[in-house]
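Asker: Residue-level listing of the chains:
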Amino acid sequence: MITPGFDELIHAPTRLSLVAFLAATGWADFAVLRDNLGLSDSALSKQLTTLADAGYIEIRKAFAGKRPRTSARLTAAGRTAFDRHVLALQEIVAGTAGRWPLPAGHPGIGEDGHGQGAPDAAIRLSRRSPCRMLAAGSDYQARHPADPARS
Amino acid sequence: MNDQIEPADAARALSEIGRRREQVIRRTAVPPWFWWASAVLTIALVADIESQRGALFWAGIALYTAGTLAINGLMHRAVRGAPLRPDLDARSFPRVLAGAAALVAVVFGVGLATKLSLEAAGVPYPGMIASAVAMAALVAGGQMLMRYRTAFLVRQSGGRG
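Taken in sequence, the protein lines are chains H and X.
When we follow our numbering, the leftmost residue of the first sequence carries the number 8, and every step to the right adds one.
When we follow our numbering, the leftmost residue of the second sequence carries the number 88, and every step to the right adds one.
By construction, these hints were calculated from the structure, which means they are not laboratory data.
Small disclaimer: the values here were computed from a predicted structure and weren't measured.
Glycine included, C-beta positions come from ideal geometry on N, C-alpha and C.
Each hint should be verified, as a subset may be incorrect.
[Unchecked claim] Interface residues of chain H toward chain X, partial, derived using beta-carbon atoms under 8 Å: (1) H18; (2) L23; (3) S24; (4) F28; (5) G33; (6) L46; (7) D48; (8) A83; (9) A84.
[What the hints assert, rightly or not] Short derived list, chain H residues pointing at chain X, Cβ under 7 Å: (10) M8; (11) P11; (12) L16; (13) A27; (14) A31; (15) T32; (16) D36; (17) I66; (18) V100.
Whenever a hint applies, use it, and build me the whole structure from the sequences.
Answerer: In structure tokens, the structure reads:
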């Protein structure tokens, strides 16, 4: 049974998008990740390296003809960490767990030192069903444009 | 300083995770252009067969074969870049297979019934007209099938990592 576990490495917005994308795929091509996540080559390389160093993803380099082709996929450890992180997020939303610490410099902390809240309706909706947050149209990336690890 | 994750921030993160999962599911669906391209190629093939013009007939067959291989290759190349996780794909496979079988039966049924009716009425080019009707069913049904697959997978995978 998987227990909740907040993962600071995964929670950074760009990495969260990347890991969430990889969690739904097998091997994913570098170009597909770059285009679908809207990242530059260098930003994606940096994030992939960070995740690979943590043992969360494996990177495969191959050649398609003369062209190099890089792919990535989640490792078993990465998938477990992601599943635990999702459970931790669900617990936070449901209010059944204590608050989790924000990573230093996380954009979720506003200038006043407090977390940046969402409209009450969004919180109520998320408490009823986290999945329905899709329908609420919340855009995590749009609200977190200043990910320090993105550049 | 408040150094805790707010429920709203966690909810936004969950929303982003759901959005990315849906993005993968959508990009692995058969794209609408594929159904249109298949329809155009099939109608052209039937017109070619029905016109019965010696050398042009074989050129038409060659073009149809090349076109079919090209659109299938393009579609598979797009999906291969980031295929859906096998266990997710397996969940929808029986339903999509049943839906595809039903679609093929409808397309053939509609096409055959239309052709026989047109032939009985003495309408010229019954095959071409019937194939156009059948392909309209293919385009509409194919897109409906993919929408169903996407909705099913999004629903099935909701809330899971």
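Asker: Does V100 (chain H) meet its interface restraint, that is, does its C-beta lie within less than 7 Å of any C-beta in chain X?
Answerer: holds (5 Å)
Asker: For the hint on S24 (chain H), does the least C-beta distance to chain X fall short of 8 Å?
Answerer: holds (6 Å)
Asker: For the restraint on L46 (chain H), tell me whether the closest CB of chain X is nearer than 8 Å.
Answerer: violated (13 Å)
Asker: For the hint on T32 (chain H), just tell me whether its beta-carbon gets within less than 7 Å of chain X.
Answerer: holds (5 Å)
Asker: Given a cut of 8 Å on the nearest C-beta pair, is the interface hint for G33 (chain H) held or broken against chain X?
Answerer: holds (5 Å)
Asker: Does the closest beta carbon of chain X sit nearer than 8 Å to the beta carbon of L23 (chain H)?
Answerer: Where the cut-off is 8 Å and the nearest Cβ of chain X is about 6 Å from L23 (chain H), the hint holds.
Asker: Double-check A84 (chain H) for me: the hint is only fine if its C-beta lies closer than 8 Å to a C-beta in chain X.
Answerer: A84 (chain H) check fails; min Cβ-Cβ to chain X is 13 Å, beyond 8 Å.
Asker: Does L16 (chain H) pass the interface check with chain X, least Cβ-Cβ distance below 7 Å?
Answerer: violated (13 Å)
Asker: Please verify that hint: H18 (chain H), Cβ, nearest Cβ of chain X, below 8 Å or not.
Answerer: holds (7 Å)
Asker: Does the interface hint hold: is M8 (chain H) within less than 7 Å of chain X, judged Cβ to Cβ?
Answerer: This interface hint is violated because 14 Å lies over the 7 Å limit.
Asker: For the hint on D48 (chain H), just tell me whether its beta-carbon gets within less than 8 Å of chain X.
Answerer: violated (16 Å)
Asker: Does A27 (chain H) meet its interface restraint, that is, does its C-beta lie within less than 7 Å of any C-beta in chain X?
Answerer: Since the shortest Cβ distance to chain X is 4 Å, the answer is holds.
Going through the hint list in order, the structure does not satisfy hints 6, 7, 8, 9, 10, 11, 12, 17.
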